[in-house]
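2 protein chains.
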Amino acid sequence: MNERAALPLLLVALGGNALLRAGEEGTLAQQFANLAAPVRQLARMARDYRLLITHGNGPQVGNLLLQQESCGEVPRLPLEILVAQTQGQIGYMIESSLDAAFMAEGIADPPPLVSLLSYVVVDAADPAFAHPSKPIGPFYPERPAANFPLIETPRGWRRVVASPEPRTIVEKREIRLLTAQGFIVICCGGGGIPVVREARGFQGIDAVIDKDLASARLAEEVGVELFLIATDVPGAALDFAGPRQRFLRKISAAEARSHLRAGQFAPGSMAPKVEACLRFLAGGGRRALICAVADLEAAVAGDAGTEIVRDES
Amino acid sequence: MNERAALPLLLVALGGNALLRAGEEGTLAQQFANLAAPVRQLARMARDYRLLITHGNGPQVGNLLLQQESCGEVPRLPLEILVAQTQGQIGYMIESSLDAAFMAEGIADPPPLVSLLSYVVVDAADPAFAHPSKPIGPFYPERPAANFPLIETPRGWRRVVASPEPRTIVEKREIRLLTAQGFIVICCGGGGIPVVREARGFQGIDAVIDKDLASARLAEEVGVELFLIATDVPGAALDFAGPRQRFLRKISAAEARSHLRAGQFAPGSMAPKVEACLRFLAGGGRRALICAVADLEAAVAGDAGTEIVRDES
Numbered sequence: 037m038n039e040r041a042a043l044p045l046l047l048v049a050l051g052g053n054a055l056l057r058a059g060e061e062g063t064l065a066q067q068f069a070n071l072a073a074p075v076r077q078l079a080r081m082a083r084d085y086r087l088l089i090t091h092g093n094g095p096q097v098g099n100l101l102l103q104q105e106s107c108g109e110v111p112r113l114p115l116e117i118l119v120a121q122t123q124g125q126i127g128y129m130i131e132s133s134l135d136a137a138f139m140a141e142g143i144a145d146p147p148p149l150v151s152l153l154s155y156v157v158v159d160a161a162d163p164a165f166a167h168p169s170k171p172i173g174p175f176y177p178e179r180p181a182a183n184f185p186l187i188e189t190p191r192g193w194r195r196v197v198a199s200p201e202p203r204t205i206v207e208k209r210e211i212r213l214l215t216a217q218g219f220i221v222i223c224c225g226g227g228g229i230p231v232v233r234e235a236r237g238f239q240g241i242d243a244v245i246d247k248d249l250a251s252a253r254l255a256e257e258v259g260v261e262l263f264l265i266a267t268d269v270p271g272a273a274l275d276f277a278g279p280r281q282r283f284l285r286k287i288s289a290a291e292a293r294s295h296l297r298a299g300q301f302a303p304g305s306m307a308p309k310v311e312a313c314l315r316f317l318a319g320g321g322r323r324a325l326i327c328a329v330a331d332l333e334a335a336v337a338g339d340a341g342t343e344i345v346r347d348e349s
Numbered sequence: 037m038n039e040r041a042a043l044p045l046l047l048v049a050l051g052g053n054a055l056l057r058a059g060e061e062g063t064l065a066q067q068f069a070n071l072a073a074p075v076r077q078l079a080r081m082a083r084d085y086r087l088l089i090t091h092g093n094g095p096q097v098g099n100l101l102l103q104q105e106s107c108g109e110v111p112r113l114p115l116e117i118l119v120a121q122t123q124g125q126i127g128y129m130i131e132s133s134l135d136a137a138f139m140a141e142g143i144a145d146p147p148p149l150v151s152l153l154s155y156v157v158v159d160a161a162d163p164a165f166a167h168p169s170k171p172i173g174p175f176y177p178e179r180p181a182a183n184f185p186l187i188e189t190p191r192g193w194r195r196v197v198a199s200p201e202p203r204t205i206v207e208k209r210e211i212r213l214l215t216a217q218g219f220i221v222i223c224c225g226g227g228g229i230p231v232v233r234e235a236r237g238f239q240g241i242d243a244v245i246d247k248d249l250a251s252a253r254l255a256e257e258v259g260v261e262l263f264l265i266a267t268d269v270p271g272a273a274l275d276f277a278g279p280r281q282r283f284l285r286k287i288s289a290a291e292a293r294s295h296l297r298a299g300q301f302a303p304g305s306m307a308p309k310v311e312a313c314l315r316f317l318a319g320g321g322r323r324a325l326i327c328a329v330a331d332l333e334a335a336v337a338g339d340a341g342t343e344i345v346r347d348e349s
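Chains as they are written, first to last, in our numbering: chain W, 37 to 349; chain A, 37 to 349.
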């Protein structure tokens, strides 16, 4: 393990689509099959990097919400508990897929691997609580009659919940100790279980933290060198889905900031990813990448995705 | 942390009733309130012991099953995924309660604390798959019309699922590394996520592993010195719930084995707890205790619960 301690620390934030792609029914077999390709790449990348893996949970937490609401027999649980449940589900799926990928790649002595539950402190006074913005759960072709806030997206209507700023990851000390020893750590699933500070502890709160912003916070608190966001498009684009769409290959933080301000990146989608990359670089990170789930290795090699580089200082 | 490495390693297996007591509706507030007392004790015990904490999930996994079955909108997930979800939920609840308890006890520099997802290998040919025996979920006063197996208990009818033998805890190497460094580790929730070995990996399987037997396996694989099962009665009793009920204070493994064979302990309830203690002692463990959730400290001090001691060899 001592040899591993010298490897650079790479954080990979897997989008929810690494498990469940738009338009799919979302059976467990589909989700495991979708995971196989990115996880095979992660297994190979573990030779050259210490790995910290985070993941989204939008579709999964939305499904749990729907199941709760259609069942009158048992007490409902608040959103932070559903986030915790998705950390259990998805963390297990990634961990067991990675174990299988190590075997498939013939890596006989893989690094120690753990999936940690993680909770993340937010501010009860965060203005996000007054303006729910994070889409979760299924797409509805028509606006449903519902007692929760909705937004219209290009793929249909979707439920939105509050998405406050991640302030600190409660388990940062533990994650630092583990990554320093070369453990592969899966954590901060679904952006982390959202809590607010109270007198002598923490109190869960109804929200879903953006997993890319939580990952940037984690990266800064743990000392990550490479930051990679894997999603369902090849990278950040100008004029996305428009007639003059063009994907960006390598841009400076200043350029990225300027495109972000100009509204080039969709709120709740590419915008928080670019924002997360910018925060990571501002916090001292070396390289920030946004790529497709299929292109993890290529992106790190500089052959795919969008790379945002630090401004010369 | 080096000082902690010399402390004895104590495994505490918390029964589902540490969160949800029979007859309660099971709101989240109730579950957190129930946890407060045992977790305060654990926080204090962490001064003298390295801690490994496991927990049950019977009521919680049963609730998830009910919610799934009443919702036709999203694909159903198999039982092992629901177990993983309960690891997320309950692991978070114990971890955050323990963080709060450290603050309440004025312990400024608590040991590092992690909740790990854990999956546990079972044998696909285990005869338990033909004879479901593990009760999960709510009690029904009348036998419900249901397409799943049921048993009648003193408190009503209850769903049963297969409960195969735990063969090995996949994360044992990681748990060993962490407990050796003095980390408090919460793991093996609900007996662990059940999987069987397949060609190049693992496959989840429909079952709920007994959490006490999984804890005994974990204890042996990790090298636990003290083994404590916390439940909803003060200890193991002869003639339980009968007119001549008497709780056992300190018995030898030979006595425990003889009472077990004589059918003194209820299957799926006290019997696997006594069996788990016997396996722990047979595997080299020092002391095995069964006590009420409220009596953790007293039991370790020798003032409460049932202690089973190794036979003289």
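Keep in mind that the hints were calculated from the coordinates and are not lab data.
Hints may contain errors.
Identical copies look the same in the list; a pair holds intra-copy or inter-copy alike.
Restricting the straight-line Cα-Cα distance to at most 25 Å, the calculated cross-link-like pairs of lysine to any residue (SDA-like) are [claimed, not checked]:
no. : residue 1 : residue 2
1   : K208      : A144
2   : K208      : P147
3   : K286      : V196
4   : K286      : G62
These numbers were taken from a predicted model, which means no experiment stands behind them.
Tested hints:
1. K208 / A144: Intra 29 Å, inter 16 Å, cutoff 25 Å: inter-copy only.
2. K208 / P147: both (20 Å within a copy, 13 Å between copies)
3. K286 / V196: Result: close neither inside a copy nor across copies, 32 Å intra and 57 Å inter.
4. K286 / G62: Intra 34 Å, inter 53 Å, cutoff 25 Å: neither.
Hint check: violations occur at hints 3, 4; the rest are consistent with the structure.
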